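Visitor: Sequences listed follow chains A and B, in order. Taking our numbering, the leading residue of the first sequence gets 3, the next gets one more, and so forth. Taking our numbering, the leading residue of the second sequence gets 4, the next gets one more, and so forth.
FYI, nobody ran anything at the bench for these hints, they're computed from the structure. As the structure is a prediction and not an experimental result, all values here were calculated from the model. Hints are not guaranteed to be accurate.
Examples of chain A residues toward chain B, derived with CB under 8 Å [said to hold, decoys possible]:
hint : residue
1    : I7
2    : M79
3    : K83
4    : L150
5    : R208
6    : G210
7    : F213
8    : G218
The beta-carbon is built from N, C-alpha and C at its ideal position, and this holds for glycine as well.
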Amino acid sequence: MKQGIFEIVKNEALTDCVYRMVLQGDTSAITAPGQFVNIKLEGLYLRRPISVCNVEGDQLTIIYKVVGKGTAQMAAMKSGKLDILTGLGNGYDLRLSGDKPVLLGGGVGVPPMYMLCKKLLEQGKAVQVILGFNTKSEVFYEEEFKALGASVTVTTVDGSYGMKGFVTNALETMDYSYFYTCGPEPMLKAIYKASNTSGQMSFEKRMGCGFGACMGCSCKTITGYKRICKEGPVMQKEEILWED
Amino acid sequence: MGRLSVNLCGIELDNPVIPASGTFGYGYEYAELYDINCLGTFSFKGTTKDPRFGNPTPRIAECNAGMINAVGLQNPGVEKVISQELPKLKECFHKPVMANVSGFAVEDYAYTCEKLDQQEQVGWLEVNVSCPNVHGGGMSFGTDPKAAAEVTAVVKKVTTKPVIVKLSPNVTDIVSIAKACEDAGADGISLINTMLGMRIDLRSRKPVIANTMGGFSGSAIFPVAVRMVYQVAKAVKVPVIGMGGVSSAEDVIEMMLAGATAVEVGAANLVDPFVCRDIIRDLPEVMDAYRINTLEEIIGGVQNG
Chain A
3 MKQGIFEIVK NEALTDCVYR MVLQGDTSAI TAPGQFVNIK LEGLYLRRPI SVCNVEGDQL
63 TIIYKVVGKG TAQMAAMKSG KLDILTGLGN GYDLRLSGDK PVLLGGGVGV PPMYMLCKKL
123 LEQGKAVQVI LGFNTKSEVF YEEEFKALGA SVTVTTVDGS YGMKGFVTNA LETMDYSYFY
183 TCGPEPMLKA IYKASNTSGQ MSFEKRMGCG FGACMGCSCK TITGYKRICK EGPVMQKEEI
243 LWED
Chain B
4 MGRLSVNLCG IELDNPVIPA SGTFGYGYEY AELYDINCLG TFSFKGTTKD PRFGNPTPRI
64 AECNAGMINA VGLQNPGVEK VISQELPKLK ECFHKPVMAN VSGFAVEDYA YTCEKLDQQE
124 QVGWLEVNVS CPNVHGGGMS FGTDPKAAAE VTAVVKKVTT KPVIVKLSPN VTDIVSIAKA
184 CEDAGADGIS LINTMLGMRI DLRSRKPVIA NTMGGFSGSA IFPVAVRMVY QVAKAVKVPV
244 IGMGGVSSAE DVIEMMLAGA TAVEVGAANL VDPFVCRDII RDLPEVMDAY RINTLEEIIG
304 GVQNG
């Protein structure tokens, strides 16, 4: 973990309520895809945890959905500096991927799949990506994943774009060695049931500090109590204990 | 003695800055960021007799200038704290540490305090009779002078180190409770724990916190803390540790003028993990600005109060 001041390079809308922000600063604490950063915003007490979409040198890309005061404030920023804690959480473990991993991103669970996809492709893996959205107007990053060289399937719940249905409908048609996913909890649960290999899932929870001090985001797992912000957000399929 | 040093129940602190229990774990998350030996000491995560997972999530809600937490004393229990956490803590912190203890029965407090009292690295016991987030214990001891005194007396009987009783602000007469603890043998009083608070989500119309209510902390509660520290420090002879919304060197000085011998910093650590290091760095300059030679000389120094 590191604290740094980042300069906003670019901040643009990808859809009605999803934005991409490119920041410049010391990215050296970010060591794995699936980690997150925690952003201090003027006038708001707690920092905002946002997943890392990509790192290129000293440029950090995050993609966020406007869901409340903090993200609305971020969306309105054209330039300036942000106080950010970087290198938080335990990211995806690439060593377990096998030769033909599948990556499933749902909604704002898509961004962390980008850097993961890039890294797996660099290792010569045949990466398949499934991006799930509710409807056509919410779709983002399909072209970016294609540009990396992955095979991409988009699903929409209402069928307005790509394959009609959920990411699990696409998953059932595929042959894969391992899965990586990030998205809303009902989606993770469905993948947990539908998948026929091992895999890793990234979870989201309301956090206090984001670096393991306050125990605000604890959860129970098969291997004991874990903090989503510290031992997580990425968990192995085998250790997950669904709460209900 | 340096300009910043203070004497807390017979142990000299290099400075009065103490990260508060529940915001600093066992120190090692912060030790990754800076040398935590710059701190006066710190109060480690509240320890109970048995392991506890704590409350369901969400446990955190944001407020204007503060936050609500309902963690519910998650901790591995006193045996594991001693066998696993304290050895790790020793590697990154070489000063006496403050052991924070909670319980659900008088016997729990005695059991846990007796064990921790025997640990060489423990300098003080901070007995939490004020946790708002657990049912059937914690705060219920801290809202009744008799119960608070009973816990204090029982703990004093089985321990040798200074016992500091941590009080709840969720009472009508804080002074009577502080005095009851002092009469029962408390070597110090720390206050305030969090204030009972609640938030409701407008979309779902449900409480934001799964446990419905939680402890409100952060800069918003600072004036309440200053007032209660002032009232208690005037009424008792033992040292008082002031806390509640402290986030700057100026806040530390204000708390000491109100009567605090040392000052704990809580929620601010969660937002700015370097805040305690920075407060200690800033103190000499702020002291100069207010013509303060040593911190010891300003304790309880509020005028016409």
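Visitor: Are the hints correct? Go through all of them and say.
Guide: Each hint, compared with the structure:
A cut of 8 Å between beta carbons decides the hint on A/I7: the least distance to chain B is about 13 Å, and the hint is violated. Taking 8 Å as the C-beta contact cut-off toward chain B, the hint placing A/M79 at the interface is violated, the least distance being around 19 Å. Evaluation of the A/K83 hint against chain B yields a violated restraint, the C-beta minimum of about 16 Å exceeding 8 Å. The beta carbon of A/L150 comes no nearer than 33 Å to any beta carbon in chain B, farther than 8 Å, and the hint placing it at the interface is violated.
At about 4 Å, the closest approach between the beta carbon of A/R208 and any beta carbon in chain B falls short of 8 Å, and the interface hint on this residue holds. Restraint check, A/G210 versus chain B: the minimum CB separation of about 5 Å is within 8 Å; hint holds. A hinted interface residue such as A/F213 counts as satisfied when its beta carbon comes closer than 8 Å to some beta carbon of chain B; here the least separation is about 6 Å, so the hint holds. The restraint placing A/G218 at the interface with chain B holds, with a minimum CB-CB distance near 4 Å, inside the 8 Å limit.
This entry does not satisfy hints 1, 2, 3 and 4, going by the numbered hints stated previously.
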